[in-house]
Every structure is written in structure tokens, then in C-alpha cells.
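S.K.: In case you want the letters, here they are:
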Amino acid sequence: MTLLFNLTGVSVRFRQHEALKNVDLQILQGQRVALIGSNGSGKSTLLRVLNGLISSKSGQKSGQISGTVQTDANLRQAMLFQRPHMLRMSAQANVAMGLWLSGMGWAEAKTCAFAGLAWVGLQAEAARSAKTLSQGQQQRVALARAWVVLSESKQSNLLSNALLLDEPTASMDPHAKREVESMMHDFAVQNMTLVFSSHNLGQVKRLATHVAYLEHGKLLAYLPVGDFFDSDKLHAVSPAADAFLKGETT
Amino acid sequence: MNSITQTFTTAFSLIASVDGALWSIVGRSLWVSGVATVLASGLGILLGAWLAVARFSGRGAVLALLNTMLAIPSVVVGLLVYLMLSRSGPLGSLGWLFSVKAMVLAQALLVLPIVAALTRQLVEDADVLHGEQLQSMAAGSFMRGALHVWDERFAVLMVLLAAFGRAIAEVGAVMVVGGNIEGFTRVMTTAIALETSKGDLPLALGLGLVLLAVVLLLNALVAGVRAFLGGSVSDAAKGVRL
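Residue numbers (numbering that gives the first Met the number 0), protein chains in the order written: chain A, 0 to 249; chain B, 0 to 241.
To be clear, the hints were calculated from the coordinates, so they are not data collected in a lab.
Since we're looking at a predicted model, the values are computed, not measured.
Each hint should be verified, as a subset may be incorrect.
Beta-carbon label-pair distances, calculated as ranges [what the hints assert, rightly or not]: (1) A/117 / B/212: 46 to 56 Å; (2) A/21 / B/72: 52 to 62 Å; (3) B/227 / A/102: 29 to 39 Å; (4) B/17 / A/133: 52 to 62 Å; (5) A/110 / B/16: 53 to 63 Å; (6) B/149 / A/181: 28 to 38 Å; (7) B/17 / A/104: 51 to 61 Å; (8) B/59 / A/25: 39 to 49 Å; (9) A/15 / B/212: 54 to 64 Å; (10) B/20 / A/131: 48 to 58 Å; (11) A/37 / B/128: 17 to 27 Å; (12) B/23 / A/104: 47 to 57 Å; (13) B/58 / A/55: 14 to 24 Å; (14) A/110 / B/63: 20 to 30 Å.
Yeah, the Cβ is synthetic: ideal placement off N, Cα and C, and Gly gets one too.
Excised from the complex, chain A in its bound form (with noise of 0.2 Å):
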């Protein structure tokens, strides 16, 4: 299988902040890995540096890094955020834009992103502003947005595929929760590799087939999912994990 990510030895520094603490990182094609940890442990610095935000040449702004980053040469990626940013155009130019921006032309993009919408199942608010969409759709246009450009380069079946999200499905109501997880359930079922954050450890355990624990700045634990959720497997590998978790669960 393709080697996706390999971080060694990388550190992140925020000022006087020390965000990532000399992470070693592996990431298959296929993979589906959580990062869990406590809020301030890093997941959102981790997933910046695996997307590229991150790199030597961002400028001291956006964070020092040292230590290699390698992604695969043919790798193309897309990124959610906790709280998506829709452009001041239809939900539909908003799908577009991002295949826009990879290359495509207009008029192509436009068909396309409307292939997208249906997906989320949006289909009707193609039209429509996609600011005035509630928080729950707005994730689910720029899970268009992603899908239609991963997609679209599957199918020239020369690239691999990675979607990170970061804490996508926080601070929305359960059926929206349910809608957005059951989407990146289907990125899943298509092989394509998804990295995200989340402090639902329910849906790691429905989602992920590895766990990152992170506390700190530091990859204490990154285990097979039923491995990490085995508590004498976990507490062998790290003390610390196995504790967040039992606090966690209990």
C-alpha cells in the first residue's frame, strides 16, 4: 500500500508555544485514522501540517516547523474545517469553486458540483446562498466540495486520495451528526483515506481503522482501533492514553 504521510521528528512552535512535540507519523492509502486527545493537544496543528498549512514556506505566522514532512508525490488532498467557510455565492458555485481552483474549467465544474450536491442530498438549495444554509448543511456543501475533487481525480486514477477533517461533526445536532458521519462513511467504503479529529469516541470506533493519541503536543499512542481500544494493549504502549481513555468512558 502507498505510503500517504511520513512525518519524522515534527515539531511545531507558536511563539513561545510548543504545539507538535517531535511526531513520528505513518499514513497509509485506505487508512481511516482518528486523532484524539484532550482540547490543546495538538490534533488541529497535526492535520494543518499533514494538509501543507503548515510548512517551512507558510512564514512564522502560521507556526514554525521543523523535522520532514513527506506526502506522496501524486497525493491530492482536501480539508474540513470545524466551521466551514462558504463563500458569498450559491451553494452550488461554492462545490464549483473548488474544482475551479484544481484546474477545471467553469461551466464543467458548475455539472459537477450539482452531482456533488445530490450526494449530500442538497440538490434543491443548489440555488441558494450558501451563507444562508444552517451550520449542518453548510458542512455537508463543502463535504461536496471535497468529494467532487477527490473524486474527480480518482477517476483519472492517477492520484491518491486523503480527506482530513477537523472536528467535523462538532457542535451540531445528532441527526446532522449522523448525516455528515454516514457521508464519511461512503469516502471510506471508496478507499479513500480520511484523517480526522473528534472527541466522539463512538464515532472513532465506527469510523477509524487506526487511533492517534495525542496529549500535549506529543503522539503518545497510534494503534490499530481494536488495539487502542483494548485496555491492556493500550496501557502497555502508553500509560497515559490508556488513563484519557477510562476517563473518557467512564
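Since the structure of chain A is already known, use the hints to place chain B on it.
M.R.: Then chain B, alone, in the frame of chain A:
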């Protein structure tokens, strides 16, 4: 008190009677300030958007200079343009001094920092909020800046309105480079100054009222456009610091 009432009454009757002298001055003012704002907007929006997303050494100094230029007195801009356009100046061969072109140039230079600085702040705030999303969609710096300007277009419209307001209300620059020549370079503000000094208060007041009405009309227009298009000032726009 009677004198004030009489002045207002005469001023209103001048406006209502479509006084030729008054309306030619109004028309010239609108044209000079409108063209100046359009010219400054083209360059200012580009410059502001670029400054918001570009990172280069000395950027802080450029921003400090730009922000300082916000407070430059209009008469100083007029003086600089006068020096450039005077016979011995670098642009003296154009023969623009004491012409409408010189007034447009002076006002464009006066409002350029306003458009650039406020656009820069808007786009930078938007980039802090949403820049990562666009970056993750493979939008480079230039595209990010352009998309932020598009996204903040209602707020940018406000910036242009502020710039136009500054241009049409200033008196120093157009007085220095235009010379306040009747029927040629006289605009509302220079006419108000002159008529007040001559004691023709009704005409001065009439022009002042028209000036206020123009700005009010523009405000209503922007509000109408925003309401029609369903736009609202975004979080980034709320963060604009003048």
C-alpha cells in the same frame, strides 16, 4: 434668526429652481470625485488585497506608511501634485495644471491610501478567518486576495463610498491644483468657500445641502444594493479599523 431662515429659504429655492450655476458646479464635482474614486479604487483594491496576503521584508514599514497616508491633509496632496504639474515639474509638459484633469489626479492620490488601507484590513481579517480554507483548496496568494475581495464586496463598496465621501468633501487639493476658476474648475467645496467669503450664503448653503444629499443618496444606494442582493457585512468587515 430671521437671517438664518432667509438663507435656508433662498438656498432651497435655488435648488428647486434648478439654478444653472449651482447645478453645473454640482455636476463637475460629481464628475471629478467620481472619476478620481474609480481610478483610485482600481489601484487601491489591488494594492490593498496584495498587501493583505503578501509577505515580504519591510511589509510592516509599508503598512505604517500607508496608514499614515490616511491622515495626509488634502492641501499637502494638492501641493505635491502642483509641484509635479507646474511648468518646472516632472509632469509639467502635460499642461494639466488648473484643469479638471489635475483635480482628478489630486483627488485620486488623496483617496488611494483610504481604499488601499481599508481594503488591506478587510482582506487581511478575512484571510485570518478563512484563508486556510482557501489555501487548502489550492488557492494561491493572488487568488485568495481576489476571492476575499469578492466575498467582502459589500464592505468594499462601503470603502469606496468612504473614499468618494472624502474626495467630494475635500477642498484643499482641488483649490491648489484647480484654481477655482468659474465655469471651469469650480466645484462644490471651493464654491462654498468662495461664496461664504463673498457673503453669498444662500448659494454656499445650497451647495452644502446638495453635498449632503449626494452622500445620503449614495448611502441609500449601497443599503439598497445590499438588501437586494441579500448581503450583509461579514465578520471580517466588522473588524475593519479606520
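S.K.: Output the indices of the hints that this structure fails to meet, ascending.
M.R.: 14
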